[in-house]
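Protein chains in written order, with our numbering: chain H, 1 to 456; chain D, 1 to 236.
It is possible that some hints are incorrect.
Claimed, not checked - What follows is a set of in silico ranges between Cβ atoms, one per label pair, in the way DEER data are often shown:
| hint | chain 1 | residue 1 | chain 2 | residue 2 | range |
| --- | --- | --- | --- | --- | --- |
| 1 | H | Asp38 | D | Glu213 | 21 to 29 angstroms |
| 2 | H | Asp413 | D | Glu210 | 41 to 49 angstroms |
| 3 | D | Glu213 | H | Leu44 | 20 to 28 angstroms |
| 4 | D | Asp55 | H | Glu205 | 49 to 57 angstroms |
| 5 | D | Pro59 | H | Ala310 | 40 to 48 angstroms |
| 6 | D | Glu213 | H | Gly434 | 54 to 62 angstroms |
| 7 | H | Asp38 | D | Arg206 | 22 to 30 angstroms |
| 8 | D | Gly181 | H | Leu44 | 37 to 45 angstroms |
| 9 | D | Gly51 | H | Asp307 | 50 to 58 angstroms |
| 10 | H | Gly267 | D | Asp55 | 31 to 39 angstroms |
| 11 | D | Asp170 | H | Gly25 | 43 to 51 angstroms |
To be verified - Rough simulated footprint, nothing fancy, chain H against chain D, three-plus residues with beta-carbon under 8 angstroms:
| hint | segment |
| --- | --- |
| 12 | 163-169 |
| 13 | 182-194 |
Derived from the structure by calculation, the hints contain no laboratory data.
Yeah, the Cβ is synthetic: ideal placement off N, Cα and C, and Gly gets one too.
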Amino acid sequence: MFERILIANRGEIALRILRTCRRMGLGAVVAYSEADRDTRAVQLADEAICIGPAEARRSYLSAPAILSAALVTGCDAIHPGYGFLSEDDAFAEMTRAHGLTFIGPPPEVLERFASKAGTRQLLAAHGLPTIPGSEGMLRDDEHALQEAERIGYPVLIKPSAGGGGRGMRMVRSPRELQQALTICRSESQAAFGDDSLYLERWLEENRHVEVQVVVDRYGHGVHVGERDCSVQRRHQKVVEESPTPALPEDARRRLCEGAVSAVVAAGYENIGTLEFLVDRDGDFFFIEINCRIQVEHPISEMRSGIDLVAEQIRIAAGEPLGYTQDDVRLEGHAIEFRINAEDVAHDFRPQAGTVEAFLAPGGPGVRMDSHLYAGYEVPPYYDSLLGKLSVWGPDRPVAIARARVALSELVVDGLITNAPFHQAILDDPSFIDGSFTTNLLDRIGSAAFVAGGRRS
Amino acid sequence: MDDESPRAPGADEPEAIGDERLTVEDGAAELIVALEPPAEVPTTADGAAIGRLVDEILPLLIARFRAGQMGELEVRRADWHVRVRRPADELAPMAGGAASARGADAGRRGRIAAAGQTSGTGHAPAPSGTPTGLAPVGPGRPAEGHGAAPAANPSLVASSPAVGYYATRDGIATGSQVRSGDVLGHVDVLGVRQEVVAPGDGIVARLLAEAGEAVEYGQDLVRLEPVSRADSVREA
Numbered sequence: 001m002f003e004r005i006l007i008a009n010r011g012e013i014a015l016r017i018l019r020t021c022r023r024m025g026l027g028a029v030v031a032y033s034e035a036d037r038d039t040r041a042v043q044l045a046d047e048a049i050c051i052g053p054a055e056a057r058r059s060y061l062s063a064p065a066i067l068s069a070a071l072v073t074g075c076d077a078i079h080p081g082y083g084f085l086s087e088d089d090a091f092a093e094m095t096r097a098h099g100l101t102f103i104g105p106p107p108e109v110l111e112r113f114a115s116k117a118g119t120r121q122l123l124a125a126h127g128l129p130t131i132p133g134s135e136g137m138l139r140d141d142e143h144a145l146q147e148a149e150r151i152g153y154p155v156l157i158k159p160s161a162g163g164g165g166r167g168m169r170m171v172r173s174p175r176e177l178q179q180a181l182t183i184c185r186s187e188s189q190a191a192f193g194d195d196s197l198y199l200e201r202w203l204e205e206n207r208h209v210e211v212q213v214v215v216d217r218y219g220h221g222v223h224v225g226e227r228d229c230s231v232q233r234r235h236q237k238v239v240e241e242s243p244t245p246a247l248p249e250d251a252r253r254r255l256c257e258g259a260v261s262a263v264v265a266a267g268y269e270n271i272g273t274l275e276f277l278v279d280r281d282g283d284f285f286f287i288e289i290n291c292r293i294q295v296e297h298p299i300s301e302m303r304s305g306i307d308l309v310a311e312q313i314r315i316a317a318g319e320p321l322g323y324t325q326d327d328v329r330l331e332g333h334a335i336e337f338r339i340n341a342e343d344v345a346h347d348f349r350p351q352a353g354t355v356e357a358f359l360a361p362g363g364p365g366v367r368m369d370s371h372l373y374a375g376y377e378v379p380p381y382y383d384s385l386l387g388k389l390s391v392w393g394p395d396r397p398v399a400i401a402r403a404r405v406a407l408s409e410l411v412v413d414g415l416i417t418n419a420p421f422h423q424a425i426l427d428d429p430s431f432i433d434g435s436f437t438t439n440l441l442d443r444i445g446s447a448a449f450v451a452g453g454r455r456s
Numbered sequence: 001m002d003d004e005s006p007r008a009p010g011a012d013e014p015e016a017i018g019d020e021r022l023t024v025e026d027g028a029a030e031l032i033v034a035l036e037p038p039a040e041v042p043t044t045a046d047g048a049a050i051g052r053l054v055d056e057i058l059p060l061l062i063a064r065f066r067a068g069q070m071g072e073l074e075v076r077r078a079d080w081h082v083r084v085r086r087p088a089d090e091l092a093p094m095a096g097g098a099a100s101a102r103g104a105d106a107g108r109r110g111r112i113a114a115a116g117q118t119s120g121t122g123h124a125p126a127p128s129g130t131p132t133g134l135a136p137v138g139p140g141r142p143a144e145g146h147g148a149a150p151a152a153n154p155s156l157v158a159s160s161p162a163v164g165y166y167a168t169r170d171g172i173a174t175g176s177q178v179r180s181g182d183v184l185g186h187v188d189v190l191g192v193r194q195e196v197v198a199p200g201d202g203i204v205a206r207l208l209a210e211a212g213e214a215v216e217y218g219q220d221l222v223r224l225e226p227v228s229r230a231d232s233v234r235e236a
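All chains should be modelled from the sequences, with the hints used to inform the complete structure.
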C-alpha cells in the first residue's frame with residue numbers, strides 16, 4: 001500500500017479523495033493552483049503545495065509540475081481525480097517512469113481504451129451491443145452523406161476526441177448534415193485539437209444509463225449497479241439516480257452483468273464506468289467507457305456501502321478485490337443533484353464570487369460533498385460545480401421526498417445556484433413517474449421549466 | 001486522432017531563433033523546443049539533431065499530445081528536451097474543472113521564446129511580461145504585507161517559477177548588485193532548470209531559500225533592496 005498520495009485536483013473531488021486517504025491512514029498532499037490556495041482540501045491536507053498559476057494548462061494540466069510536486073513532497077502515488085489528466089495515458093506513463101503509481105488504470109490499459117471507436121469494437125467483440133454508426137471516421141462530406149444514408153436519419157454527429165457535448169449535433173436530413181459538419185469540425189478542433197468526426201444512429205427518446213464496474217489486476221470484477229443520468233441539459237448531466245426507473249430488475253441485471261463480463265474479458269483494470277443508451281423498447285447500446293472516478297459516484301456508494309475511491313487506491317496498489325458479486329448488496333434508491341454556481345434565469349451563466357453563508361442539509365440518507373465554507377471565494381477559472389447533494393431512501397418516493405427537504409435546507413448565500421432548477425425537476429410529472437428521457441430539459445427550455453415548476 | 005496524419009508543425013516555416021531554441025506553431029499546439037547542450041560542451045546545437053527532431057520526433061509527439069488532454073508535455077533526452085504546450089483557448093472544459101482559463105496570453109506567447117538564452121526553460125512569461133526577451137517569471141512584487149501598498153522603503157522579491165529543487169546561482173550572495181532580468185538562481189523541475197529572475201534592479205538583501213531546498217510555485221526566494229534607475233545610472 002502507498003504511504004503518501006498526491007491529490008492532483010481541486011474542488012469537491014480533492015476533498016473527497018482526501019477523506020478516503022485519511023480514513024485509510026494514508027498521507028495526503030494536495031497540489032493546488034494559485035487560485036485555489038483557500039480551498040477546504042488545502043486547509044485539511046497533511047501538506048499542500050502550490051504547483052502553478054490559476055491557468056489550468058500551467059497547473060492541473062501540467063505533467064511536469066504535478067510530477068515534480070509529487071517527488072519533492074515524497075509521495076509514492078498520484079490521484080488525478082476526474083477531468084484534467086485523469087484519463088491521459090501519456091501522463092500515466094510519465095508517472096510510472098518517475099517511479100510513482102498513477103491511481104487509475106495502468107497506462108497500457110488507458111491506451112487500449114483511449115479511442116472511443118476502438119473501444120466500441122473491442123467491447124462489441126466481447127458481447128456488448130453497440131449503436132449502428134459510421135465505419136470509422138468520416139473522410140469528407142460525401143462519405144458522411146453516404147454513411148448517414150446507410151445508418152438512416154436522424155443521425156448524431158460526434159467528435160472522436162473529448163466529451164461534454166462539444167462538437168455534437170443531431171441532424172434529420174442531408175441538408176442539415178452538410179451544414180452541421182462544418183460547425184462540428186471547427187468546434188471539436190477548437191475544443192480537442194482534433195476534428196475527426198463519426199456518425200451514430202440517433203435514438204429518439206433515449207435514456208442515458210451507465211454501469212459502475214470495479215475490476216482488479218487479477219481478472220476479478222464486480223458491478224456496483226447502474227446509474228441513470230438522463231436528466232441532462234445540453235448533454236451535461238444535472239441529476240443522476242440509481243437504480244434506473246427505465247428498466248425492470250431483470251433487464252438491469254442483464255445490463256450490469258454484460259458490462260462487467262465484457263470489460264473483464266477485454267482486460268480492463270481499476271474502477272470504470274460504461275455508458276449506454278437505452279431506447280424506448282428497453283434495448284441498450286454501449287457508447288463509451290470512462291476510466292476514472294465519476295462525479296456521480298456517491299449514489300453508487302450510498303446503495304452499496306462500497307467506498308469507490310478506496311477501491312481505486314487498493315487496486316492501483318495491486319491488492320486483489322477480495323469479494324465477489326454476491327457480496328455486493330445494492331439497496332434502496334439514491335439520487336444526486338449537482339449544485340452549480342449558475343444563473344438559470346440567464347442561460348445558466350456561471351457565477352463567481354464570495355460565499356457569504358453555507359449550510360449543508362442533513363438527516364437520514366443525506367450526503368453533501370462540497371468544498372464550500374462561509375467566506376470561500378469561488379474563482380472564475382474552473383467549472384461551476386459547488387458540490388453534490390445526494391439522498392438515499394429505501395425506495396424512490398422516499399428518496400424524492402428527502403431530496404425536497406434537503407434542497408429546501410441548503411443555503412448558499414452570495415452566489416446564484418441552480419438549486420431552484422432542481423426543485424422544479426422534482427415537481428415535474430415525467431420525473432416523478434420516471435418516464436423522462438434525455439430530451440426533457442432541452443425540449444422544454446430551461447427557463448420555462450423553472451417557471452412551470454414554480455407555478456405548479 | 002485515429003486517422004489524422006500528423007503534420008510536422010513548423011517543418012514548413014520554423015521560426016529558428018537564437019542558437020539553441022526555436023518556437024514553432026501550427027495553430028493547434030504551440031511548441032517550444034529547447035535544445036540543451038550537455039553542461040560541459042557549450043557548442044551550438046547540431047543541425048542534424050534539430051532536423052531529426054523536427055522531421056521525426058515532433059510529429060509523433062504532437063500526434064500523441066493531441067490525442068490526450070494534457071496541457072503540457074515534456075520529453076527529455078541526453079542533449080535536448082522538448083516541451084509541447086497547448087494554447088489556453090484550446091483546452092476543453094472538463095468535469096474536473098479546467099475551463100475558461102482566460103487565454104489572454106495565448107496569442108502573444110508565440111514570439112516570446114525568441115530570446116537566444118542558453119538553458120532554455122520554455123516557461124511562459126508572467127502576465128506582466130513584455131514580448132522581448134525572457135520575461136521574469138513568478139510574480140515579482142513588493143514584499144511585506146502581501147497585497148498592501150508598498151511601504152516607503154519597499155523591497156522586491158524574486159519568487160519561484162515552478163515546483164522543484166532550488167539553487168542560488170554562483171556569485172549571487174547578500175550584497176550582490178543585480179539588474180532587472182538577471183538570473184539569480186534556478187529551480188530544478190524533473191531535471192530541467194527554470195530560472196529565478198530579478199524582478200527589478202537592486203541589491204540582494206536576503207536569500208530566503210537554501211540550495212537543495214524543495215520550493216513551490218510562487219514561493220519567495222530572494223529579497224532585493226531596490227535601487228532606483230537614477231542610482232544605477234550614476235554608478236554606471
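Going down the list of hints, with the structure as the test:
{"no.": "1", "hint": "H:Asp38 x D:Glu213: 21 to 29 angstroms", "result": "holds, 25 angstroms"}
{"no.": "2", "hint": "H:Asp413 x D:Glu210: 41 to 49 angstroms", "result": "holds, 46 angstroms"}
{"no.": "3", "hint": "D:Glu213 x H:Leu44: 20 to 28 angstroms", "result": "holds, 25 angstroms"}
{"no.": "4", "hint": "D:Asp55 x H:Glu205: 49 to 57 angstroms", "result": "holds, 52 angstroms"}
{"no.": "5", "hint": "D:Pro59 x H:Ala310: 40 to 48 angstroms", "result": "holds, 42 angstroms"}
{"no.": "6", "hint": "D:Glu213 x H:Gly434: 54 to 62 angstroms", "result": "holds, 59 angstroms"}
{"no.": "7", "hint": "H:Asp38 x D:Arg206: 22 to 30 angstroms", "result": "holds, 27 angstroms"}
{"no.": "8", "hint": "D:Gly181 x H:Leu44: 37 to 45 angstroms", "result": "holds, 40 angstroms"}
{"no.": "9", "hint": "D:Gly51 x H:Asp307: 50 to 58 angstroms", "result": "holds, 53 angstroms"}
{"no.": "10", "hint": "H:Gly267 x D:Asp55: 31 to 39 angstroms", "result": "holds, 35 angstroms"}
{"no.": "11", "hint": "D:Asp170 x H:Gly25: 43 to 51 angstroms", "result": "holds, 44 angstroms"}
{"no.": "12", "hint": "163-169", "result": "holds (count 3)"}
{"no.": "13", "hint": "182-194", "result": "holds (count 3)"}
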